[in-house]
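2 protein chains.
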Amino acid sequence: MDSKMSRSERVAYMTARLVANPSRLFGLGDFAEELGVARSTVSEDFSLIRGALACGGGGVKTLPGAAGGVMYKPRPSAEQLEMIRMDLAVELARPERVLPGGFLYMTDLIFSPQWSEAFGSYFASLFEPLSADAVVTIETKGIPLALMTARGLGRPLVIIRRNSRVTEGSSVSINYVSGSSSRIQTMSLPRRALEPGSKVVVVDDFLRGGGTVSGAADLLAEFDVEVLGTGVVAATEEPREKLLKDYISLVEIGRTSDGAARVRCNAPDLPGSD
Amino acid sequence: MDSKMSRSERVAYMTARLVANPSRLFGLGDFAEELGVARSTVSEDFSLIRGALACGGGGVKTLPGAAGGVMYKPRPSAEQLEMIRMDLAVELARPERVLPGGFLYMTDLIFSPQWSEAFGSYFASLFEPLSADAVVTIETKGIPLALMTARGLGRPLVIIRRNSRVTEGSSVSINYVSGSSSRIQTMSLPRRALEPGSKVVVVDDFLRGGGTVSGAADLLAEFDVEVLGTGVVAATEEPREKLLKDYISLVEIGRTSDGAARVRCNAPDLPGSD
Numbered sequence: 001m002d003s004k005m006s007r008s009e010r011v012a013y014m015t016a017r018l019v020a021n022p023s024r025l026f027g028l029g030d031f032a033e034e035l036g037v038a039r040s041t042v043s044e045d046f047s048l049i050r051g052a053l054a055c056g057g058g059g060v061k062t063l064p065g066a067a068g069g070v071m072y073k074p075r076p077s078a079e080q081l082e083m084i085r086m087d088l089a090v091e092l093a094r095p096e097r098v099l100p101g102g103f104l105y106m107t108d109l110i111f112s113p114q115w116s117e118a119f120g121s122y123f124a125s126l127f128e129p130l131s132a133d134a135v136v137t138i139e140t141k142g143i144p145l146a147l148m149t150a151r152g153l154g155r156p157l158v159i160i161r162r163n164s165r166v167t168e169g170s171s172v173s174i175n176y177v178s179g180s181s182s183r184i185q186t187m188s189l190p191r192r193a194l195e196p197g198s199k200v201v202v203v204d205d206f207l208r209g210g211g212t213v214s215g216a217a218d219l220l221a222e223f224d225v226e227v228l229g230t231g232v233v234a235a236t237e238e239p240r241e242k243l244l245k246d247y248i249s250l251v252e253i254g255r256t257s258d259g260a261a262r263v264r265c266n267a268p269d270l271p272g273s274d
Numbered sequence: 001m002d003s004k005m006s007r008s009e010r011v012a013y014m015t016a017r018l019v020a021n022p023s024r025l026f027g028l029g030d031f032a033e034e035l036g037v038a039r040s041t042v043s044e045d046f047s048l049i050r051g052a053l054a055c056g057g058g059g060v061k062t063l064p065g066a067a068g069g070v071m072y073k074p075r076p077s078a079e080q081l082e083m084i085r086m087d088l089a090v091e092l093a094r095p096e097r098v099l100p101g102g103f104l105y106m107t108d109l110i111f112s113p114q115w116s117e118a119f120g121s122y123f124a125s126l127f128e129p130l131s132a133d134a135v136v137t138i139e140t141k142g143i144p145l146a147l148m149t150a151r152g153l154g155r156p157l158v159i160i161r162r163n164s165r166v167t168e169g170s171s172v173s174i175n176y177v178s179g180s181s182s183r184i185q186t187m188s189l190p191r192r193a194l195e196p197g198s199k200v201v202v203v204d205d206f207l208r209g210g211g212t213v214s215g216a217a218d219l220l221a222e223f224d225v226e227v228l229g230t231g232v233v234a235a236t237e238e239p240r241e242k243l244l245k246d247y248i249s250l251v252e253i254g255r256t257s258d259g260a261a262r263v264r265c266n267a268p269d270l271p272g273s274d
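Line by line, the protein sequences are chains A and B.
Each residue of the first sequence is one higher than the one before, starting from 1 at the first, in the numbering used here.
Each residue of the second sequence is one higher than the one before, starting from 1 at the first, in the numbering used here.
The following block holds chain A by itself, in its conformation from the complex (with noise of 0.2 Å):
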């Protein structure tokens, strides 16, 4: 490493370190050393940082202490947040999303790699105060947003598989009967994935009756863990009654009179509130 860098270097070799690596804590000595610098020099650059992008929807924590250092947190300010609902709001309701049926087609955007980190960054913000061990989907189309939770979050990604498998070792399963299709469904974790007592938070891409993921919150109960709060992309208004009460979701998916889907933007909840 060059120890001639200038502080503006200095400044984006570190901020590009930080970003990259979100909820990863990085010691002062360890830059201070890396770049030739003093530890006060490292620290008052990280100060410079701070400021810099506290107004562009990402924070830097400083943690005191001899063991302490700085990581970076992606928040998103309110404002960003409600974006990202009504950016999805107005994604969702172009016309050749819709498919026969009535279906919404979303996939494209559950699998890209800009949106769901958007509903990560989102949920991350959300779920934050919850202090939360891991992040809980279940398979499939949760997991690119599960991800950039978790991600976001800095803890592990943990995912229901729909069947156990042999390359897993012993798996605990459930079966539960799914909200829309009135189907029994079985689904499993592997006994490594999460120690008992843990705490989550479940993330998850859609919510019609909410039977999976209240199956989900079962199947974990089993390993003496507690779901803090759920997430969702899209939930539909119909039906009203969910097997499910507490729930956070971006959007609300509904019907007009002439059947048309109707994608209506949700007031930002807080997690545990109704």
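Derived from the structure by calculation, the hints contain no laboratory data.
None of these values were measured; they are calculated from a predicted model.
Each hint should be verified, as a subset may be incorrect.
[To be verified] Partial selection, computed: residues in chain B whose CB lies under 8 Å from chain A:
hint, residue
1, Phe103
2, Arg161
3, Gly169
4, Ser173
5, Phe223
6, Leu243
Ideal Cβ positions, reconstructed from N, Cα and C, are used throughout, including at glycine.
On the provided structure of chain A, position chain B as indicated by the hints.
Showing chain B alone in chain A's frame:
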């Protein structure tokens, strides 16, 4: 935006925006307007950022012209790429990963935000020169690393499902024989997912016989889509004869004479090489 930002503050702000949005093009003029400085000043700032990031595993790419701008590409050095493979081999060799039946437990790595980001930056680096239109994987375990590969390349992610869904419109399905289980399985892809004539790269977590990945290539051929390259995190030494000739794997998993798993780092292959 405060127009009184110092150069270091501007550099922190712009670096964070770039690194948080890999492969996204930012116009010089946009930043100039947003920060209240001249285009030439922004251009100088970027030269400085490019220089500072060159040693940190990232590159700032400048696209000239009126429609041009700058983008960040997460590009680990050859040394960093080598380190990812070495770290993985060490991690996989831990004895507690061996499951009954001699399987290796890899799920925690495959689903981890940090590891999937490392795998994604690995494959994004290797596949960048191929200029693929999209990144394709087969559900489920390949999704996290495929998402991070797609993010690094700035391309959409396409996920082949095990069954077609009514909520995704018309789909194309094929049957194939899984190399490991010798069972007939189905995979399917919605018509909307890919444009005919597209060129893609395929990534997955694990390759044993190659049946799944070569089945994916067959399905993609039905869309008139060409596979330019294939990457997997781990491949087994046996069977030697795979259904697929050209692929890149980070590590190879074999067995010692007493049946224990043996993990080997591969020489860094290049796309298209045997």
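Going through the hints against the structure:
1. Phe103: This hint holds: phenylalanine 103 of chain B lies near chain A, its Cβ roughly 4 Å from the closest one there, short of 8 Å.
2. Arg161: With a closest approach of 7 Å, the arginine 161 of chain B hint holds.
3. Gly169: Result: holds, 5 Å to nearest chain A Cβ.
4. Ser173: The hint is violated - serine 173 of chain B has no Cβ within 8 Å of chain A, the shortest such distance being about 16 Å.
5. Phe223: violated (15 Å)
6. Leu243: This interface hint is violated because 20 Å lies over the 8 Å limit.
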